[in-house]
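**Student:** The sequence shown: position 126 = 126 (this note's numbering), numbered continuously.
Any given hint might turn out to be false.
Using C-beta positions, here's what the derived DEER-type ranges look like [stated by the list, open to error]:
#1 H155 to K63: 22 to 28 Å
#2 R163 to N72: 34 to 40 Å
#3 R182 to A5: 15 to 21 Å
#4 S21 to R237: 30 to 36 Å
#5 K132 to R255: 20 to 26 Å
#6 G209 to R237: 17 to 23 Å
#7 R18 to Y239: 19 to 25 Å
#8 L230 to A5: 38 to 44 Å
#9 V252 to D145: 36 to 42 Å
#10 G147 to A5: 28 to 34 Å
#11 N3 to A178: 26 to 32 Å
#12 R18 to R255: 32 to 38 Å
These are calculated hints, taken from the structure and not from any lab test.
Even for Gly, the Cβ is constructed at its ideal location relative to N, Cα and C.
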Amino acid sequence: MLNKAMSVVILAAGKGTRMYSDLPKVLHTLAGKPMVQHVIDAANELGATHVHLVYGHGGDLLKQTLKDGNLNWVLQAEQLGTGHAMQQAAPFFGDDEDILMLYGDVPLISTYTLRRLREAKPQGGIGLLTVKLDDPTGYGRITRDNGNVTGIVEHKDATDEQRQIQEINTGILIANGADMKRWLSKLTNNNVQGEYYITDIIAMAYQEGREIAAVHPARISETEGVNNRLQLSRLERVYQSEQAEKLLLAGVMLRDPARF
1 MLNKAMSVVI LAAGKGTRMY SDLPKVLHTL AGKPMVQHVI DAANELGATH
51 VHLVYGHGGD LLKQTLKDGN LNWVLQAEQL GTGHAMQQAA PFFGDDEDIL
101 MLYGDVPLIS TYTLRRLREA KPQGGIGLLT VKLDDPTGYG RITRDNGNVT
151 GIVEHKDATD EQRQIQEINT GILIANGADM KRWLSKLTNN NVQGEYYITD
201 IIAMAYQEGR EIAAVHPARI SETEGVNNRL QLSRLERVYQ SEQAEKLLLA
251 GVMLRDPARF
């Protein structure tokens with residue numbers, strides 16, 4: 001239901017040690033602006049009632065850089081997993097609004113895909129963004145029963161059979177605020193990593209008889225995250241290529257789009 005109020009939570013607490021920089025990872029730029037700003041812009045384009053930004057490392061610099069963002073700042077003092085991050089934001093959730101979960105280091109997510117995800121969310125259920133990869137190593141696998149999504153198993157917790165599954169979790173999902181708060185309150189850290197996984201709410205919803213609707217993005221690059229400078233440079237090239245395509249389709253002549 002697109003006429004229902006919706007708030008967005010953006011997870012941005014990671015340190016980003018593989019960037020080899022004192023700059024918080026989400027402040028590294030893509031197309032001239034911080035990665036997290038791309039995500040904030042998408043949230044605003046969707047008409048989010050509130051944008052909750054969960055931060056940890058480099059909080060002062062984040063607040064200074066994003067001071068004009070009209071954000072609700074939520075501190076995650078310890079990085080204990082995605083579920084723990086969402087638990088910090090949960091007190092701000094309205095019971096009757098939808099809660100959309102995004103990531104500050106996934107900068108190319110499109111409003112087109114997010115609108116489709118929001119439209120697909122079943123009443124009382126969860127809308128989940130998934131993709132299929134030839135090599136899903138390292139990602140949480142989507143488990144199904146007769147086609148129905150039943151849960152997500154993180155790679156380190158997966159059996160050999162489950163690791164053969166090619167459909168993976170992107171981490172982006174949407175659910176009702178009251179349901180989200182209830183599920184978050186039930187999370188445990190009984191797993192290999194000792195962290196609180198937001199992905200565990202999928203199995204909770206399934207056990208309650210709730211429907212989980214899986215949606216695929218228009219492009220896989222929309223869901224790619226940045227953990228190092230190589231990945232950032234690749235997404236920069238993807239972004240520039242997409243801009244070149246738009247110009248060409250609008251009638252602008254580019255002799256060599258690859259150099260755009």
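**Student:** Now tell me, hint by hint, if it's right for this structure.
**Tutor:** Going down the list of hints, with the structure as the test:
no.: 1; hint: H155 to K63: 22 to 28 Å; result: 34 Å, violated
no.: 2; hint: R163 to N72: 34 to 40 Å; result: 38 Å, holds
no.: 3; hint: R182 to A5: 15 to 21 Å; result: 18 Å, holds
no.: 4; hint: S21 to R237: 30 to 36 Å; result: 20 Å, violated
no.: 5; hint: K132 to R255: 20 to 26 Å; result: 36 Å, violated
no.: 6; hint: G209 to R237: 17 to 23 Å; result: 45 Å, violated
no.: 7; hint: R18 to Y239: 19 to 25 Å; result: 20 Å, holds
no.: 8; hint: L230 to A5: 38 to 44 Å; result: 39 Å, holds
no.: 9; hint: V252 to D145: 36 to 42 Å; result: 49 Å, violated
no.: 10; hint: G147 to A5: 28 to 34 Å; result: 31 Å, holds
no.: 11; hint: N3 to A178: 26 to 32 Å; result: 18 Å, violated
no.: 12; hint: R18 to R255: 32 to 38 Å; result: 37 Å, holds
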